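The lines below spell out each chain.
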Amino acid sequence: LAKTTQPISMDSYEGQEVNITCSHNNIATNDYITWYQQFPSQGPRFIIQGYKTKVTNEVASLFIPADRKSSTLSLPRVSLSDTAVYYCLVAGATNKLIFGTGTLLAVQP
Amino acid sequence: DAGVTQSPTHLIKTRGQQVTLRCSPKSGHDTVSWYQQALGQGPQFIFQYYEEEERQRGNFPDRFSGHQFPNYSSELNVNALLLGDSALYLCASSPTGFEADTQYFGPGTRLTVL
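Keeping their order, the protein sequence lines are chains A and B. Just so you know, my numbering puts 50 at position 50 of the first sequence, and the rest follows in order with no gaps. Just so you know, my numbering puts 1059 at position 59 of the second sequence, and the rest follows in order with no gaps.
Treat the hints as calculated values from the structure; they're not laboratory data. Take the hints with a grain of salt, since some may be wrong.
Claimed, not checked - No farther apart than 35 Å at their CA atoms in a straight line, the calculated lysine-lysine pairs in the DSBU-like style are these: (1) A/K96 x B/K1013; (2) A/K69 x B/K1013; (3) B/K1026 x A/K96; (4) A/K3 x B/K1026; (5) A/K52 x B/K1026; (6) A/K96 x A/K52; (7) A/K54 x B/K1026.
Keep in mind it's a predicted model, so treat the numbers as computed, not measured.
Make a model of the complete structure from these sequences and hints.
Dropping the structure here:
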């Protein structure tokens, strides 16, 4: 049973900022929040990981409120190549990753 | 620095046969996990190996077995193949000793069972 809930799909246009929100009401104290991106017939690619507040790297930002029951992945100025499935997961050290069905992001020109 | 590698890329087998898939973890990683991804679904956890032993296992039958070698590489074996075993098999590696389990995935092996 997936421990997270996220929208099944989202549509966007090139150049826009995209925010994908994930709900994880039962997150444990030692759980981290991790987002992966997956293209068809490829392995998931690690995007970003955080525990609380805000994390930013060269491709995305992750916003986590104080209660940690949700998180938002922000993709700035998306392009067609960002069309993919995005997975939100919560896990602690050495835990198995439980994937849901993810969010299919479709970026249009 | 090579990432996670898997072989073969594609494989076609018939029902009842046995298959072995291979995985080399990312440099510096000692934990290997295997996942099965059916078309249109998220990856499903099969099992995880650490120090050459199975540490965790998902809800998969005993037909699925594995092994980890001293160099941390790993194999996934599936016996008595069924049509439903057709899927993308993913290997992921991670280091131990950290608070967060950041797993890095390989490109996968596409298994087709006819």
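Looking back at the numbered hints, which does the structure fail to meet, lowest number first?
-> 2
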